[in-house]
Structure formats: C-alpha cells, structure tokens
Amino acid sequence: MSVSDTSFRDSRLAFALRQGGGIVLSLAATLLGLLLVTFFIGRVVPIDPVLAVVGERATQAQYDAVREALGLDQPLWKQFGIYVWDALHGDFGQSIRTREPVVDEIRRYFPATLELATLATIFGVIVGVPAGVIAATRPGSLIDQIVRIVGLMGYSMPVFWLGLMGLLLFYGILGWVGGPGQLDAGYQMLMEFELTRHTGMILLDTALNGRWDMFANALSHIVLPAGILGYTSMAYISRMTRSFMMNELGQEYITTARVKGMPEWRVIWVHALKNVMVPLITVVALSYAYLLEGSVLTETIFAWPGLGSYITDALFAADMPAVLGGTVVVGVVFIGLNMLSDILYRLVDPRAK
Amino acid sequence: MSDLLTIRDLRVTFDTETGPVEAVRGVSFRLGRERLGIVGESGSGKTITGRSVLRLIRPPGRIEAAEMTFDGIDLTRISEREMRALRGPRIAMVMQDPKYSLNPVMKVGAQLTEGLRLRDRLGAAEARRKAIEALEAVQIRDPERVMEAYPHELSGGMGQRVMIAMMLIPNPDLLIADEPTSALDVTVQAEVLSILDGLVRDRGMGLIFISHDLRLVARFCDRVLVMYKGRIVEEVAAGELTRAKHPYTQGLLNCLPRIGGSRAPLPGLDRDADWARA
Ligand SMILES: Nc1ncnc2c1ncn2[C@@H]1O[C@H](COP(=O)(O)OP(=O)(O)OP(=O)(O)O)[C@@H](O)[C@H]1O
Ligand SMILES: [Mg+2]
Numbered sequence: 001m002s003v004s005d006t007s008f009r010d011s012r013l014a015f016a017l018r019q020g021g022g023i024v025l026s027l028a029a030t031l032l033g034l035l036l037v038t039f040f041i042g043r044v045v046p047i048d049p050v051l052a053v054v055g056e057r058a059t060q061a062q063y064d065a066v067r068e069a070l071g072l073d074q075p076l077w078k079q080f081g082i083y084v085w086d087a088l089h090g091d092f093g094q095s096i097r098t099r100e101p102v103v104d105e106i107r108r109y110f111p112a113t114l115e116l117a118t119l120a121t122i123f124g125v126i127v128g129v130p131a132g133v134i135a136a137t138r139p140g141s142l143i144d145q146i147v148r149i150v151g152l153m154g155y156s157m158p159v160f161w162l163g164l165m166g167l168l169l170f171y172g173i174l175g176w177v178g179g180p181g182q183l184d185a186g187y188q189m190l191m192e193f194e195l196t197r198h199t200g201m202i203l204l205d206t207a208l209n210g211r212w213d214m215f216a217n218a219l220s221h222i223v224l225p226a227g228i229l230g231y232t233s234m235a236y237i238s239r240m241t242r243s244f245m246m247n248e249l250g251q252e253y254i255t256t257a258r259v260k261g262m263p264e265w266r267v268i269w270v271h272a273l274k275n276v277m278v279p280l281i282t283v284v285a286l287s288y289a290y291l292l293e294g295s296v297l298t299e300t301i302f303a304w305p306g307l308g309s310y311i312t313d314a315l316f317a318a319d320m321p322a323v324l325g326g327t328v329v330v331g332v333v334f335i336g337l338n339m340l341s342d343i344l345y346r347l348v349d350p351r352a353k
Numbered sequence: 001m002s003d004l005l006t007i008r009d010l011r012v013t014f015d016t017e018t019g020p021v022e023a024v025r026g027v028s029f030r031l032g033r034e035r036l037g038i039v040g041e042s043g044s045g046k047t048i049t050g051r052s053v054l055r056l057i058r059p060p061g062r063i064e065a066a067e068m069t070f071d072g073i074d075l076t077r078i079s080e081r082e083m084r085a086l087r088g089p090r091i092a093m094v095m096q097d098p099k100y101s102l103n104p105v106m107k108v109g110a111q112l113t114e115g116l117r118l119r120d121r122l123g124a125a126e127a128r129r130k131a132i133e134a135l136e137a138v139q140i141r142d143p144e145r146v147m148e149a150y151p152h153e154l155s156g157g158m159g160q161r162v163m164i165a166m167m168l169i170p171n172p173d174l175l176i177a178d179e180p181t182s183a184l185d186v187t188v189q190a191e192v193l194s195i196l197d198g199l200v201r202d203r204g205m206g207l208i209f210i211s212h213d214l215r216l217v218a219r220f221c222d223r224v225l226v227m228y229k230g231r232i233v234e235e236v237a238a239g240e241l242t243r244a245k246h247p248y249t250q251g252l253l254n255c256l257p258r259i260g261g262s263r264a265p266l267p268g269l270d271r272d273a274d275w276a277r278a
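Protein chains in written order, with our numbering: chain A, 1 to 353; chain B, 1 to 278.
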C-alpha cells in the first residue's frame, strides 16, 4: 500500500517546507545574478557616471569629490557589495535627469504598468480560456476556426499598429473611448490636487476616493490599451488552452467520467479543466510577465506613464541609474511571478514534486 | 431467462490516416443476469467491445451494429441524452487501468461522491458515508484516508478497488468489468469476486468480465467468449473449457503455466489466418 501508515499529511507539510527553502535559495541566487548583470552593465557603458552628475565644466576637485561620494574610488568588489547592499534597501541611486531617488520615481510609474497589465491579463484569461476550451471541444467547427483566426491575428499584428488603428477608430472617429494618457486633460489637473494616491493605480485610486466621475473617465482611457494588450494575451492563452484541452480530452479519466454518466459540461469544465489549469498557470504567468515588461510600445503610443515609458525615456537621456533601477525592478517582477506560478502549480497539481 | 443485453453484428471501425482499422468485426452475444467472461490476447477487441455497449467510442472510431438492446432499450436509437441517463446507474464499466482512468488532480473522495451528489442530489455527509461504505465493501481498510488521497498516492491494487467501488455505488444493472482484479493479490481478488458474484446472484446484475486470464474466467464465469482479432472465435460453457474445440482457445489454455509444470517459453500461439475470417 503506498498510502503509508505514517500520517502522510505531515510528510507533505515537511515536503512543502523543504520546497519553500529551495525556492528562497534559488530566488536569492537569481536576484544576485540579476544585480551582478546590471552592475556590470553600469560599468561597461561608455557614460561616465561622475561626469553625468557634475557636468562638463566641473573642476577636478569637484569631480573627485563626487567620485568619492558615489564610491567609485573603491575597488570593484567593494563597489558591488555596496551596490547590492543599497539595492536590498531599495536604493538605486539618483536619477541624473531629475535628481530624485530612482526608487521613488519607479514607485510612481510602476503602478500604472501594473494596472494596465493586470487588466489585460484578466481580459486575456476571461476570454482566452473559455475560447480555447470551446474550440477544443469542437475541433474543426466554425467556432474553432474563428478562435484560431482571431488568435492568429493577435499573434501576427504588431501592437503599435493595433494601437494606432484602435486610437484612430475608437477615439478619433467613433469617440467611444478616451485618448492617450490616463485621464482627460481637465481631470489630469484635478487629479494632482483632489486625489489621494493610495495605490498609484488610477482606477483603484479614483474608486477609493469615491470620485466616480474620474473613475469613468479613467476607465474610458484604459479600456483601449488594456484591450489591445489583452488581445495579444488572449491570443496566446486561447491557443495554449486549446492544445492543453485537446490533450486532456484524449485521456482515459475523461472516459471514466462519462462512464459514470457525468454531464458533458462537468466532464469538460471540471474534470478536464482542472488538469488544464496545471500547465496553464505557467502560460498565464509568462504572459503576465511579458505584459509587465514588454508593454513599452503600448505605453509609448498611449502616453501611459508606466515603467516602459520610464525606462525608454531614461535610456534616451542616458540616465543610467534610472535605466538600471528599472531593469532590476522588471527582473524582480519576473522572478516574483515565476515564484508565484511555482507555488500555484504546487497547489493545483497534487503530483508536483 | 430474459436477456439483459443483446448484441448482434457489432462492428467498430477506426478511420486512421492509413485507412480504416476494424477493431471489432461482427461480434454477437446475449447476456442474461449472469456472469459472462470475455477473454483474448491483447488487442483482440475486448475493451472496445465493452465500451461500445456504453457508446463511448471516440472519433475517429465508429460503432455499427445490427442490434444493441439493453433491457428492451434500443441502444442504437436513443439520443445521447438518454444514453447518458443509462450510464452509471444502469450500465457501468470498471475501467482497465486505474492509473490512467482516475482523474489525477481530484481527490478519490470527490470522484466517488460526484455521482451521488449530482445525480442523486445527496448532501455532502450522506454521499461521503455511502462512498466510505463502498470502499469498505471492496476491502479497503482505511477508507477515510483513501477518500482524502489523490490517485497517484494509491497502489495499483487500491486503485482497482477504488474503481470497482466507484462503479458499484450507483447499483448498475449491468457491470462491464475490464480486467478488474489483475493487480489484486489472491485473497483480495477472491473477496472482490465474491462481491461481484453476490450482486449477480442476489440482485440479478448482469456481469461482463473481461480478462486475459482464461483460467480465472473459467472458474468464475458461467460462459466464456473467446475473442481473436475483433471476432468471437468460440463460446464455451465455463465447465467445458478443457473441451474447447477451437485451436486458438486451446493455444490460450496451453500458454498458461501450470504449477509444477515446465515453464516452457510461451509457445507463441500458432495462428491460422482462417480464424480471423471465421
Ligand atoms: N483510437 C484507435 N485508433 C485505432 N485503432 C484503435 C484505437 N483504439 C483501439 N484500436 C485498436 O482496437 C483493437 C482492440 O483494442 P482493445 O483495447 O479493445 O484491445 P483489448 O482486447 O482490450 O486489449 P488489452 O488486453 O491489451 O486491453 C486494437 O488492436 C487497437 O489497435
Ligand atoms: Mg483492454
């Protein structure tokens, strides 16, 4: 009997703890690797960080003072140690452009990206999963063809083109949605004074402030960029769901459920879908991470004040602390999502080792 | 005895890329409230025959039959909806390999009780009680824990017993048992067989017992169908197995090692192309 007599609940807990330890270790290693990479990028680029701070006309004394203040006179390994130490304390230095701590700026920009990507992913899951399931249950049918073609378009059409066309049609011609930016110009001004930024996310903050007029305006602005990002996410998720589902529907346990007389909805949406969830978690996490990092083009087109815009602007201004700080945040988000999907995976798959 | 199941000229064809494959080719038999054995080598069509009765052959498989009648119901005519109503409480099938036939991400308990909850509309506690009873009936000693286990935590023999319990819960009139005891040790096997036996004798259940263990089937069943390449090549009354006339059946019998006998390498049945045509 493989269900042993010693309580296997306990051993499962111990197992989970051991796994948890492993996750923390690999997390630390990945994070260190990430910092190592950004640190060396910072040293390799042909931009003198001291010059960037003091300007071209500084005296040698000023130059040396700043160099010392930045710790650049120290040996490399020590510099790296300081860099890691600071990073762990949320200190990525000062932005060259604004003289503000990079971390404060990221804290301002990141929520906008998070909000956009989250909405897009929710849309991608809510539409993509059922579409994939339905397509898989009727392979070759009209609805399967439609899902396939709509998905294919989401794959192959460049986001910036979709964004421009979307703006032209829905904003320019039809006037159904708000234009670029998070709010109309009038509200944008009001926001500075009348809105307490609890989260930095515009929909949440307007709702929390009870400013439903602003909320509606923000919604009309986010719907198009979120829809376009969500479309690409939906294309990926529906395609993967379809193929996972096809695979599950061919398994023996599906026949067992039918032998028991289970209705078809239950066979598909409970028996099969529970199994589809296992690989799907990774797919959704990947797509989410991709949106959190890769929505630069969308943010640019829609003048969305998010991390993508922030890093791009910093890059063009040769603002290395900002670029590297942003990169670290993106990396951390990616690691975090990976970890989250790992945990969820263990939760839904009892066989996960 | 009135027939519970009548099958006449059952054919199952799989349309594959390399052309149609006939897995079952004109099988006919009748079943009363008795124990009917089906034996045959691997790939002879036993499972496909059993599944056809439930109309659970997936595309690209096709079922054709001159007649398939269960308890006066024409299985070839009724709608999918009516068919679904028969599956479970009227006709059930113990699936061959519990390792693949149980849902890997659902607890055993949930799989045992879902029929009771959904079809019979029982409350959670009542359904659970019945499921535990069913597990106890198949000699599972710690049913509470098995209820909480996932299939991969069960041994092969436990999985088989869970499968049997699951299919017996709705009290079917016809049970198709596909290799139900192959992973059980002798004492548990005897126990499980006596449960099935009791259901046939006392409740008048019909039983189709699929196995490739000819001796077991001969001991346990009333009649035995011998299948080869999608056909029934011989039907024998269980007691008269030794008098089986067909060379394939004799071959199967000779394959079986006898206690004390020489463990001669499996003779590799002499096949005659004519049997498949028959
Ligand atoms: N999906 C399919 N496509 C093509 N051929 C199939 C398919 N499913 C089954 N078959 C064929 O049907 C034949 C009968 O299969 P079946 O599973 O009924 O054999 P079996 O007698 O139950 O064998 P075993 O003792 O190994 O369980 C096999 O030869 C197999 O190749
Ligand atoms: Mg079989």
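Hint data in this document are derived by calculation from the structure and do not stem from the laboratory.
We put the CB at the ideal spot given by N, CA and C, even for glycine.
A hint or two may mislead.
Claimed, not checked - In silico EDC-like links for lysine to aspartate or glutamate, alpha-carbon gap of 20 angstroms or less:
#	chain 1	residue 1	chain 2	residue 2
1	B	K130	B	E148
2	A	K274	B	E148
3	B	K99	A	D342
4	B	K99	A	E252
Unchecked claim - So the derived label-pair ranges between C-beta atoms look like this:
#	chain 1	residue 1	chain 2	residue 2	range
5	B	D120	A	W265	15 to 21 angstroms
6	B	G123	A	Q251	29 to 35 angstroms
7	A	W265	B	G43	58 to 64 angstroms
8	B	S182	A	I343	36 to 42 angstroms
Here is what the structure says about each hint:
no. : hint                                : verdict
1   : K130/B x E148/B                     : 15 angstroms, holds
2   : K274/A x E148/B                     : 17 angstroms, holds
3   : K99/B x D342/A                      : 25 angstroms, violated
4   : K99/B x E252/A                      : 9 angstroms, holds
5   : D120/B x W265/A: 15 to 21 angstroms : 18 angstroms, holds
6   : G123/B x Q251/A: 29 to 35 angstroms : 30 angstroms, holds
7   : W265/A x G43/B: 58 to 64 angstroms  : 34 angstroms, violated
8   : S182/B x I343/A: 36 to 42 angstroms : 39 angstroms, holds
Of the numbered hints given earlier, the model fails hints 3 and 7; all others are met.
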